[in-house]
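Participant: Chains A and B supply the protein sequences, listed in that same order. Each residue of the first sequence is one higher than the last, beginning at 1 in our numbering. Each residue of the second sequence is one higher than the last, beginning at 1 in our numbering.
There could be a bad hint or two in this list.
It does not matter which identical chain is meant; a pair holds if it fits inside one copy or across any two.
Straight-line Cα separation of at most 30 Å, DSBU-like style, residue types lysine-lysine; simulated pairs [as the list claims (entries may be wrong)]: (1) Lys330 <-> Lys107; (2) Lys107 <-> Lys510; (3) Lys452 <-> Lys340; (4) Lys31 <-> Lys400; (5) Lys77 <-> Lys146; (6) Lys77 <-> Lys510; (7) Lys146 <-> Lys263; (8) Lys107 <-> Lys126; (9) Lys366 <-> Lys84; (10) Lys146 <-> Lys107.
FYI, nobody ran anything at the bench for these hints, they're computed from the structure.
Number of protein chains: 2
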Amino acid sequence: MLRTHTCGELRPEHIGQTVTLCGWVQRTRDKGAILWIDLRDRYGLTQITLEEGVEAEAVRETARHLGREFVLSVTGKVAERYSKNDKMPTGGIEIRPDKVEILNPAKLPPFLIEDDTDGGDDLRMKYRYLDLRRTPVRNNLMLRHKMAQAVRRYLDGQEFIEVETPVLIKSTPEGARDFVVPSRMNPGEFYALPQSPQTFKQLLMVSGFDRYFQIVKCFRDEDLRADRQPEFTQIDCEMAFVTQEDILNTFEGLTRYLFKEIKGLDFPEVPRLTYADAMRRFGNDKPDTRFAMEFVELTAIVKGQGFPVFDNAGLVVGINAATCAHFTRKQLDELTDFVKRPQIGATGLIYARVEADGAVKSSVDKFYSQEELQRWKAAFHANAGDLLLIIAGEPNKARKAMSELRLEMGQRLGLRNKEDFSPLWVVDFPLLEYSEEEKRYFAMHHPFTSPKPEDLALLNSPDTIGQVRANAYDLVINGVEVGGGSIRIHDRAVQARMFSLLGFTDEEAKAQFGFLLDAFEYGAPPHGGIAFGFDRLCSLFGGADSIRDFIAFPKNNSGRDVMIDSPSPISGAQLKELSIKTAVLVK
Amino acid sequence: MLRTHTCGELRPEHIGQTVTLCGWVQRTRDKGAILWIDLRDRYGLTQITLEEGVEAEAVRETARHLGREFVLSVTGKVAERYSKNDKMPTGGIEIRPDKVEILNPAKLPPFLIEDDTDGGDDLRMKYRYLDLRRTPVRNNLMLRHKMAQAVRRYLDGQEFIEVETPVLIKSTPEGARDFVVPSRMNPGEFYALPQSPQTFKQLLMVSGFDRYFQIVKCFRDEDLRADRQPEFTQIDCEMAFVTQEDILNTFEGLTRYLFKEIKGLDFPEVPRLTYADAMRRFGNDKPDTRFAMEFVELTAIVKGQGFPVFDNAGLVVGINAATCAHFTRKQLDELTDFVKRPQIGATGLIYARVEADGAVKSSVDKFYSQEELQRWKAAFHANAGDLLLIIAGEPNKARKAMSELRLEMGQRLGLRNKEDFSPLWVVDFPLLEYSEEEKRYFAMHHPFTSPKPEDLALLNSPDTIGQVRANAYDLVINGVEVGGGSIRIHDRAVQARMFSLLGFTDEEAKAQFGFLLDAFEYGAPPHGGIAFGFDRLCSLFGGADSIRDFIAFPKNNSGRDVMIDSPSPISGAQLKELSIKTAVLVK
Numbered sequence: 001m002l003r004t005h006t007c008g009e010l011r012p013e014h015i016g017q018t019v020t021l022c023g024w025v026q027r028t029r030d031k032g033a034i035l036w037i038d039l040r041d042r043y044g045l046t047q048i049t050l051e052e053g054v055e056a057e058a059v060r061e062t063a064r065h066l067g068r069e070f071v072l073s074v075t076g077k078v079a080e081r082y083s084k085n086d087k088m089p090t091g092g093i094e095i096r097p098d099k100v101e102i103l104n105p106a107k108l109p110p111f112l113i114e115d116d117t118d119g120g121d122d123l124r125m126k127y128r129y130l131d132l133r134r135t136p137v138r139n140n141l142m143l144r145h146k147m148a149q150a151v152r153r154y155l156d157g158q159e160f161i162e163v164e165t166p167v168l169i170k171s172t173p174e175g176a177r178d179f180v181v182p183s184r185m186n187p188g189e190f191y192a193l194p195q196s197p198q199t200f201k202q203l204l205m206v207s208g209f210d211r212y213f214q215i216v217k218c219f220r221d222e223d224l225r226a227d228r229q230p231e232f233t234q235i236d237c238e239m240a241f242v243t244q245e246d247i248l249n250t251f252e253g254l255t256r257y258l259f260k261e262i263k264g265l266d267f268p269e270v271p272r273l274t275y276a277d278a279m280r281r282f283g284n285d286k287p288d289t290r291f292a293m294e295f296v297e298l299t300a301i302v303k304g305q306g307f308p309v310f311d312n313a314g315l316v317v318g319i320n321a322a323t324c325a326h327f328t329r330k331q332l333d334e335l336t337d338f339v340k341r342p343q344i345g346a347t348g349l350i351y352a353r354v355e356a357d358g359a360v361k362s363s364v365d366k367f368y369s370q371e372e373l374q375r376w377k378a379a380f381h382a383n384a385g386d387l388l389l390i391i392a393g394e395p396n397k398a399r400k401a402m403s404e405l406r407l408e409m410g411q412r413l414g415l416r417n418k419e420d421f422s423p424l425w426v427v428d429f430p431l432l433e434y435s436e437e438e439k440r441y442f443a444m445h446h447p448f449t450s451p452k453p454e455d456l457a458l459l460n461s462p463d464t465i466g467q468v469r470a471n472a473y474d475l476v477i478n479g480v481e482v483g484g485g486s487i488r489i490h491d492r493a494v495q496a497r498m499f500s501l502l503g504f505t506d507e508e509a510k511a512q513f514g515f516l517l518d519a520f521e522y523g524a525p526p527h528g529g530i531a532f533g534f535d536r537l538c539s540l541f542g543g544a545d546s547i548r549d550f551i552a553f554p555k556n557n558s559g560r561d562v563m564i565d566s567p568s569p570i571s572g573a574q575l576k577e578l579s580i581k582t583a584v585l586v587k
Numbered sequence: 001m002l003r004t005h006t007c008g009e010l011r012p013e014h015i016g017q018t019v020t021l022c023g024w025v026q027r028t029r030d031k032g033a034i035l036w037i038d039l040r041d042r043y044g045l046t047q048i049t050l051e052e053g054v055e056a057e058a059v060r061e062t063a064r065h066l067g068r069e070f071v072l073s074v075t076g077k078v079a080e081r082y083s084k085n086d087k088m089p090t091g092g093i094e095i096r097p098d099k100v101e102i103l104n105p106a107k108l109p110p111f112l113i114e115d116d117t118d119g120g121d122d123l124r125m126k127y128r129y130l131d132l133r134r135t136p137v138r139n140n141l142m143l144r145h146k147m148a149q150a151v152r153r154y155l156d157g158q159e160f161i162e163v164e165t166p167v168l169i170k171s172t173p174e175g176a177r178d179f180v181v182p183s184r185m186n187p188g189e190f191y192a193l194p195q196s197p198q199t200f201k202q203l204l205m206v207s208g209f210d211r212y213f214q215i216v217k218c219f220r221d222e223d224l225r226a227d228r229q230p231e232f233t234q235i236d237c238e239m240a241f242v243t244q245e246d247i248l249n250t251f252e253g254l255t256r257y258l259f260k261e262i263k264g265l266d267f268p269e270v271p272r273l274t275y276a277d278a279m280r281r282f283g284n285d286k287p288d289t290r291f292a293m294e295f296v297e298l299t300a301i302v303k304g305q306g307f308p309v310f311d312n313a314g315l316v317v318g319i320n321a322a323t324c325a326h327f328t329r330k331q332l333d334e335l336t337d338f339v340k341r342p343q344i345g346a347t348g349l350i351y352a353r354v355e356a357d358g359a360v361k362s363s364v365d366k367f368y369s370q371e372e373l374q375r376w377k378a379a380f381h382a383n384a385g386d387l388l389l390i391i392a393g394e395p396n397k398a399r400k401a402m403s404e405l406r407l408e409m410g411q412r413l414g415l416r417n418k419e420d421f422s423p424l425w426v427v428d429f430p431l432l433e434y435s436e437e438e439k440r441y442f443a444m445h446h447p448f449t450s451p452k453p454e455d456l457a458l459l460n461s462p463d464t465i466g467q468v469r470a471n472a473y474d475l476v477i478n479g480v481e482v483g484g485g486s487i488r489i490h491d492r493a494v495q496a497r498m499f500s501l502l503g504f505t506d507e508e509a510k511a512q513f514g515f516l517l518d519a520f521e522y523g524a525p526p527h528g529g530i531a532f533g534f535d536r537l538c539s540l541f542g543g544a545d546s547i548r549d550f551i552a553f554p555k556n557n558s559g560r561d562v563m564i565d566s567p568s569p570i571s572g573a574q575l576k577e578l579s580i581k582t583a584v585l586v587k
């Protein structure tokens, strides 16, 4: 090795040893008689000290002309540091160098390589390799590494086998848009990149692998939002001969193991909530349960008093923002504006304060007597000083808006601390959801999800088909859907029925998924599984909102890697070999 | 769980317990009064026994109609087995069932699900999910899982961080053909799938990650041979602040660890051989060193005796096939035919036998006296009973042919036992190789490989450029190149020079690799790395020749996945969205 030690490992017990360190110049300070260099590597920082009349003038001369981010090899004796720095693990020592060698000089970086950088997003993406030098960004990726190893350790210990499934697969119409790859050897034909290894992991169950996992790249050609990437990573798992209960227990175990190993946290049992209850109590199938502020349905209480907004509403729903009666008119106007945003969609916000004497003062006093308002207060279990926030409208819309308002209030009240973690299983999802746009049902999870056996009869009538529940479940932590899965169909007839419900003709089902339907005829075991969004899980553990800083080389919102400048045109010869032409429209 | 135990775990100590097993019917035997079922899962086989008058007639009736590969749940008591089967881990017990439930029936499989199957390759590929049920195939994938976990354990223990690099990258002209992915959001532009994460791992070194690894899918759109796949897996590694010596030691450590963990084998130090010596002694840069049979150069000894084949040859080279003097005329003719095959390319084979009395009898006796032949014998260190095999010709061609003959003789003599392992480092590869076809130099490893500093001056003259050696190395085991790597260039000027030697204009180099050249200006550390072919490594450890059975879902030689029938045409709507057209030529 070009070094004897790293920049993070020397301690007072090394004093007197001659060592060689390699690393980057974090900063230099030149006080004339004394000159300091902070040398950085992945493991830490070490101070190099050069004193007039002590260190050789030639070495001091080299040191005087170093710039930030120069790569050095420094050889010298470990010495006791005069003014110890308790904040640095190496703060008890310094190096007094005999030799300072520049292994590579560096241009001035386009932004500061410090914990807090002055680099904007675009610059940091273009020079991602410099951004990755910053300790917080590198720590994110080290966290990711640790999590991946811990996931593998746990699952390996539970007899799961990691099997690599193919990346060059087949395009299928269901789900999101596929990325495709033209085949040179099969002109006019294309591979697709997997949106998930779903069918392959099911085939592995048919093969008797019993327990499968993989930490695997998946691909979706969707329009990107801030927290989506065209390529993302899943912890993909499947088990045979299990019920939903077994899967929840196994992966609750994984979740607990990760919290313990990575964050040092112990958890009680993870609570379970049905989809129906989650929607009723939080207006959301991935509720943030770090705080309560549950929905109170007021429809029955408030109707018939002549207030048209409530009288015409399908649902009147509220939350008790405890201790917020002091909110000013301005704050309440802000909240009203918030719920009226187009993406939230409420028509307005009604509020009521519980005053010190217990009286309720509302924005709709002219319609409701104090006696009526006291019934509201009782429904909310509200106390003096509480603020009641109420939205009325079409039930789904009102719930969605109230869910957003609840999250906003949780944020404002500091109830969403990133170091608190509240995991939750949401279960009993509907099997199908109806698209008004396309006038047909879509699989809520995916077409391989098993209906609950007790709901199978409901599939027989168009009136009840939407009520069929699935053996499907999500793991939600802090309002983030971290994982989701289901018990799968393992019966050919049920699977064929499902494809038909989703609008596939027999021919289409056979062309796309014939291999799976065939496989189900050769002895398919009952099976089920789950997949975790690994990028998201890492960002959650890292206390961040965006997944981007937990991906070494992410793409921007146009799907571009601005560092390598990709995608890019390819040569005419390449196109010809692949038997394709570009048909770029004038934009 | 639907079972209480697996089919591999019950032992005499479980006798008397009521258990439930799930699995597949391996076979049934119906002797009228007694009926046996062998139930199989990943963990083993368990015998179920149903006796007339003991097990209920309804249960026996179910059991009587089972087919191979039916999926069952069997509940019953563990009983002592009358005739114990010591070959089966569960051979001391049997299950006497109260209940036999068919979880899923099965059609008759298209081939036998046994260790030795009657299924041909095509059928096994089409029904890969059934082929994977066979114990030897499943064991291959379990070996692969164990190896992957062991690799991670070792590298994690050595402070390597696993970082995922992107799959959607940029097409580059150097190397093999890229698979490309049209970008919908950037019409007319394409991503490419990585042939390796080479530039990304180097950027991670520039970022200060210090030690990186990844077990990662890579892609090459090449015409396929039996042992190549369009997608394959690498163990990809890189280290900063190291010399070649450090890398060889670190990955010799990994190799040793794997042999110990997986095969229980200890190894002495892995020998090193220069490329030049490997070519001279074995005619091959990946020699199989499980056996010696080293080349003996006879050119100086045999010339000038009037035998034109030798007199006109650039090289006369032989091997001593010890103890093979008894080879018949027929065997020798076979060997002659072997070396004359077009892909081997020798013009003929000369042989000489050392007889019991020490006399040498050759196929060219009329040109060489016994005295001359005794000098051959001395050169070969040959003894009575040995067979000398000699090829003459243009040196490279003669070496190549002799290398093939050496391997063939090793095979015939049983010197290439799959359970013997002989690892070897081949070092000091040439930096560049000249292509007569394209009349230019190509990088022998890749364009990022560092020339040996002591050979840098040789780059200055066209006459000596081919003599420049690289800090490049391969790990060879049993004649298979298992891994290869190099110390990289970390200096912008040297890298730019290399691109220029490889025929890039400045503009091309900047357009393709500008980000890397830029990165080298911001403080790049000295670094190097290695990549192992993971599929190949697994097949080697598994004692197999082909990588295909170590890949869960491989593609055939036309790059097709015949199970899912991919690649396949995509819809016109998809093509339009991607701004491409197919231009399929009439074949």
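Participant: A separate judgement is required for each hint: does it hold in the structure or not?
Facilitator: How the hints compare with the structure:
no.: 1; hint: Lys330 <-> Lys107; result: neither (51 Å within a copy, 72 Å between copies)
no.: 2; hint: Lys107 <-> Lys510; result: between (60 Å within a copy, 18 Å between copies)
no.: 3; hint: Lys452 <-> Lys340; result: neither (38 Å within a copy, 68 Å between copies)
no.: 4; hint: Lys31 <-> Lys400; result: neither (62 Å within a copy, 67 Å between copies)
no.: 5; hint: Lys77 <-> Lys146; result: neither (34 Å within a copy, 44 Å between copies)
no.: 6; hint: Lys77 <-> Lys510; result: neither (74 Å within a copy, 43 Å between copies)
no.: 7; hint: Lys146 <-> Lys263; result: both (11 Å within a copy, 27 Å between copies)
no.: 8; hint: Lys107 <-> Lys126; result: within (16 Å within a copy, 57 Å between copies)
no.: 9; hint: Lys366 <-> Lys84; result: neither (70 Å within a copy, 89 Å between copies)
no.: 10; hint: Lys146 <-> Lys107; result: neither (33 Å within a copy, 45 Å between copies)
Checked against the numbered hints given earlier, the structure breaks hints 1, 3, 4, 5, 6, 9 and 10 and satisfies all the rest.
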